[in-house]
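Whenever a hint applies, use it, and build me the whole structure from the sequences.
Below, each chain spelled out in residue letters.
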Amino acid sequence: MHELSIAMSIVELAEEYAGKEHAEKVTELEIEVGDFSGVVIDALEFAMEEAVKESICQGAVWKIIPVHPLARCGSCGHTYHPDSLFQPCPACGGYGAEILQGEELRLRSILVE
Amino acid sequence: MCDTCGCGEGGETIILRKPGREGAHIHLEGEHAHHHEHEHEHEHEHSHVHPQDHRGREVVIEQNILSKNDLLAERNRGYFEAKKIAAFNLVSSPGSGKTSLLERTITAMKGKKDFFVIEGDQQTMHDADRIHATGVPVIQINTGNGCHLDARMIHEAVKELDPGEDSVLMIENVGNLVCPSLFDLGESKRIVVMSVPEGDDKPIKYPTMFQSSDLCIINKTDLLPYVDFDMEKVKNYARQVKPEMEFIELSVRTGEGMEPWYEWIEKNSGVLL
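Protein sequences, first through last, are from chains H and W.
The first sequence begins at 22 in our numbering and counts up one residue at a time.
The second sequence begins at 725 in our numbering and counts up one residue at a time.
Since the hints were derived computationally from the structure, they do not count as laboratory data.
The structure presented is a predicted model; accordingly, all values stated were derived computationally and were not measured.
Do not take every clue at face value.
[Said to hold, decoys possible] Here are some chain W residues pointing at chain H (derived, C-beta under 10 Å): (1) Thr737; (2) Leu740; (3) Arg781; (4) Ser791; (5) Asn793; (6) Glu805; (7) Gly835; (8) Gln847; (9) Thr848; (10) His872; (11) Asn900; (12) Pro904; (13) Pro927.
[What the hints assert, rightly or not] Restricting the straight-line Cα-Cα distance to at most 20 Å, the calculated cross-link-like pairs of lysine to aspartate or glutamate (EDC-like) are: (14) W:Lys808 to W:Glu987; (15) H:Lys84 to W:Glu782; (16) W:Lys929 to H:Glu70; (17) H:Lys84 to W:Glu987; (18) H:Lys46 to W:Glu782; (19) H:Lys41 to W:Glu987; (20) W:Lys929 to H:Glu71; (21) H:Lys41 to W:Glu786; (22) W:Lys929 to H:Asp104.
The C-beta atom is built at its ideal place from N, Cα and C for all residues, glycine as well.
Next comes the structure, spelled out in structure tokens:
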């Protein structure tokens, strides 16, 4: 259940930025979660409900934006969309591709009042 | 309530304890207690505020959610490098034999290397007590309900443990093949320990953990005659996730295969990695 730590880090980060803007509340959060980030979106949704309580984010809505993976084969340079971390390159069958996207775990933006 | 000092802290509090000195312990504050610290303001200078619309002003952040952990992990790493401490993060599912591996390793190599140990566990002192019996300094981190160690816990534990120069710091993570994979502790190498009875498909069932590890120890090889476990298959699976993975097959119980592991420690310690 590391999603709760993640959710608390999101709230903490949002509080920090909201504080700099002298905002009274955060009304919306946009969060990017890659398919290979190791975070389960359903679990994160559940954890967020707890994490926002009694924080500046209480009552805020959050949008979780999934980021689908993109990889570049280390052997032939072919770029493809892998379904798993152990999927071979569809062009040459090689393993160990560089993951270009899909590992994101980022707070993209917030709306404050 | 904290069962040691009755301080009223709940189950989420992190506690550091040393064997033989259970009375003295340190509570790490909850993560929310730190939200007014602005130690790293310099890296947040680029936020952009957009004009107010009906839902409020937009603040663009574009920041990695685990950036605080990652920064602290880098700070730990810098400290380890400066003191030439080889820090190894041992991860595995529960029951793979991490603590037994450490007991046997420390007993065998004690004359050659200075060992320090950080034990991560949700509740008990059991593992720290076992390590304490080998005679090396150990500190227990009880994560309460937490399923992983993070860089802040290591930072605090290292301050207490004070490992010496040229030493080996073994960090036994909470038994869990999922959550610890996301949390960099500042270690020099991550070691995933698995055991033969767990089955040969572990690497593709928990790919994130195997992808982030440098060495895979396959323990309990004395049980190979009794279980369906294909050694080549497990290695192939692990290489699909991490082509450069190193492997050591051993049995902590019989001692077979321990030498290559001791050599690996020698090779990966006392030098800048």
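Checked hints:
1. Evaluation of the Thr737 (chain W) hint against chain H yields a violated restraint, the C-beta minimum of about 14 Å exceeding 10 Å.
2. At a threshold of 10 Å, the smallest CB-CB gap from Leu740 (chain W) to chain H is about 18 Å, leaving the interface hint violated.
3. Because the smallest distance between the Cβ of Arg781 (chain W) and any Cβ of chain H comes to about 5 Å, under 10 Å, the interface hint for this residue holds.
4. Below 10 Å, beta-carbon pairs count as interface contacts, and Ser791 (chain W) has one with chain H at about 8 Å; its hint therefore holds.
5. Proximity of Asn793 (chain W) to chain H holds as hinted, the smallest CB-CB distance being about 8 Å (cut-off 10 Å).
6. Against a cut-off of 10 Å between C-beta atoms, the interface hint on Glu805 (chain W) is violated, since the closest Cβ of chain H lies about 25 Å away.
7. Interface hint status for Gly835 (chain W): violated, as the beta-carbon distance to the closest one in chain H is roughly 39 Å, over 10 Å.
8. At a threshold of 10 Å, the smallest CB-CB gap from Gln847 (chain W) to chain H is about 15 Å, leaving the interface hint violated.
9. Taking 10 Å as the C-beta cut-off, the interface hint given for Thr848 (chain W) is violated, the closest approach to chain H being about 19 Å.
10. Annotation: interface hint on His872 (chain W) holds; nearest CB of chain H at approximately 6 Å, less than 10 Å.
11. Satisfaction of the interface hint for Asn900 (chain W) is found here, the shortest Cβ-Cβ separation to chain H being roughly 9 Å, below the 10 Å cut-off.
12. For Pro904 (chain W), the interface hint holds, the least distance from its beta-carbon to any beta-carbon of chain H being 8 Å, beneath 10 Å.
13. Interface hint at Pro927 (chain W): satisfied, since its Cβ lies 8 Å from the closest Cβ of chain H, which is below the 10 Å cut-off.
14. Restraint check for Lys808 (chain W) and Glu987 (chain W): the C-alpha separation of about 18 Å stays at or below 20 Å, so the hint holds.
15. Distance hint between Lys84 (chain H) and Glu782 (chain W) is fulfilled; the C-alpha atoms sit about 14 Å from each other, no more than 20 Å.
16. Pair hint Lys929 (chain W) plus Glu70 (chain H) does not hold up; C-alpha atoms about 29 Å apart against a cutoff of 20 Å.
17. In summary, the hint linking Lys84 (chain H) to Glu987 (chain W) is not supported, as the alpha carbons are separated by about 50 Å, beyond the 20 Å threshold.
18. About 12 Å separates the Cα atoms of Lys46 (chain H) and Glu782 (chain W), which keeps this hinted pair within 20 Å; it holds.
19. Taking the CA atoms of Lys41 (chain H) and Glu987 (chain W), the gap is about 52 Å. The hint is violated against a cut of 20 Å.
20. Restraint check for Lys929 (chain W) and Glu71 (chain H): the C-alpha separation of about 29 Å exceeds 20 Å, so the hint is violated.
21. Restraint check for Lys41 (chain H) and Glu786 (chain W): satisfied, since their Cα atoms lie roughly 16 Å apart, inside the 20 Å limit.
22. Proposed proximity of Lys929 (chain W) and Asp104 (chain H) is supported: the alpha carbons are some 14 Å apart, at most 20 Å.
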